[in-house]
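Asker: Once you've looked at the hints, dock chain B against the given chain A.
Protein chains in written order, with our numbering: chain A, 1 to 197; chain B, 1001 to 1325.
The hints are all genuine.
Not the full set, but computed from the structure, chain A residues with beta-carbon under 7 Å of chain B: (1) A45; (2) H162; (3) L170; (4) H173; (5) A192.
One-sided and incomplete, this derived list gives chain B residues near chain A with beta-carbon spacing under 8 Å: (6) Y1046; (7) R1048; (8) S1235; (9) S1250; (10) M1252; (11) E1265; (12) T1273; (13) R1276; (14) T1282; (15) S1286; (16) T1299; (17) V1301; (18) G1307.
FRET-style restraints, in silico, Cβ to Cβ: (19) E20(A) to H1086(B): 45 to 53 Å; (20) L27(A) to A1243(B): 40 to 48 Å; (21) T1043(B) to G160(A): 35 to 43 Å; (22) L27(A) to R1127(B): 45 to 53 Å; (23) G1130(B) to R3(A): 47 to 55 Å; (24) G1319(B) to R3(A): 18 to 26 Å; (25) P167(A) to E1196(B): 19 to 27 Å; (26) G1319(B) to E17(A): 33 to 41 Å; (27) A1217(B) to N28(A): 45 to 53 Å.
Calculated from the structure, these hints are not laboratory results. Only a predicted model underlies this, so the values are computations on that prediction, with no experimental measurement involved. For glycine and all other residues, C-beta sits at the position ideal for the given N, C-alpha and C.
Here are the chains, one letter per residue:
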Amino acid sequence: MSREALQESLSAVMDNEADELELRRVLNALDDAETRATWSRYQIARAVMHKELLDPRLDLASAVSAALAGEEVPAKSTRGPWRTLGRLAVAASVTLAVLAGVRLYNQDDIVGAQLAQQSNQPGLVAPTAKGPAVLAGYTESSDQSTGPMANGVLQQGQSGWHDQRLPGYLRQHAQQAALKGTESALPYARAASLENR
Amino acid sequence: MRALPLLTLVLSGWWVLPAQADEAQDWLNRLGQAEQQQSFQGTFVYERNGSFSTHGIWHLVRDGKVRERLIQLDGSAQEVVRVDGHTQCVSGALVAGLGDMPDSHTRSLDPQTLKTWYDIAVVGKSRVAGRPAVVVSLTPRDQHRYGFELHLDRETGLPLKSLLLNDKGQLLERFQFTELNTTQPPEESQVQPSAECKPVVLLTNQAQPKVQALGAAVAQLWHSDWLPPGFELVSSTARVDPATKVEVSSLMYDDGLSRFSVFLEPLNGATVTDARAQLGPTVAVSRHLTTPGGDIMVTVVGEIPIGTAERVALSMRSGNAQAKQ
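So that you can see chain A by itself, here it is in the shape it has in the complex (with noise of 0.2 Å):
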């Protein structure tokens, strides 16, 4: 229960939804692999629906941890200016390694197609991921765990699939809908946009 009451904060930072409490609950679990290899197959399940790209190797959290880790925590007796300055170089340095994240994750303009052929490649494998475990802890059927797919790595076809049948389904929806609904208007219109794009 509680796993899946992380999942549901986890989506909920993901989609900048979430309040005090549900960022406080991911934070404190971000120590955990598992459970950034969650994180990270949630980003590469959205910027494909958004056909977006993303390095799934990047994993920021561990580099700001790894970046807060390394700077030296200015002692509390520090008192006047160096404390200042010991906080802002823990803040610049934090800065930088969202900076770092923010470029790489603009700098690999490689498509999903390619993405999903690198995947197949050993070098890919996220780091943090723990293989077969992670999904198994994650979804209901553990036999899919395998391969690189356990590490949030796309696999072929899988972005087609999901392409192939997501609109469809909109539509079906939003015409059963229509024919359901009340506000009759208002389902058409909403059919009538997905047509738009």
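Answerer: Coordinates of chain B only, in the frame set by chain A:
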């Protein structure tokens, strides 16, 4: 003595609150009746994240028959013609490959049921399309549905504007009339489909029982261990996707205002990861389900929060509901 004004305030509040709730319900009742009784024509805009479109609508009520034609005015001319809630024809792009649902019974807006799940109140007045309107808000009582803000025409009760809002009050979609004429009913010719509007194949009397049986079988085959409170199964269908030749079962749930569909498609050995997408108000969540009969991809599509959709997708089970109890 000082308590006296306070007492008056409390008392008046006690009187005002139920009165307001009743008023809001009256407005919703009027809305339900208006679409069955009022002829009108006008134009409206629809806006959601990434899409803005304008549409024309002609709504003719004559001899107890409701005829309606909608057409998109910008971009592709997407058209729908309906008679008494049954789709007669749709233009090319809108063709979904589904015939008129045999078991489609239009659920009328029922404020009594709705108020169990939504807090219904008149929250003010506004002006839309040059007409005075009453603002009725439907605030969800739990996190499993979105809120609505309806601006209803003071004169006829027709919805002039409808906003869908998430739990943070963010706007997910806007439906809004820019022009509405209720005094002059549309001409017969204006509710006639154009040549581009392709007739929807209505099921013959012979095919109907078969499709109904198929739909009923779907409802027998699948159930959800968990549903957001208030949502009920309103239809179930099974259709073969013309492109993939795979039979897709679908179940539609409804709380009287919001709807979501669950699609169940056998994967036949294909390796597909879970996915989620958000398109304006509509969310889509795909999840794997392993059944004795093979792997199934469960996809929940609807105007519900993503967390709720996720939970529904996780709760789908094969076998009928009786079996689990």
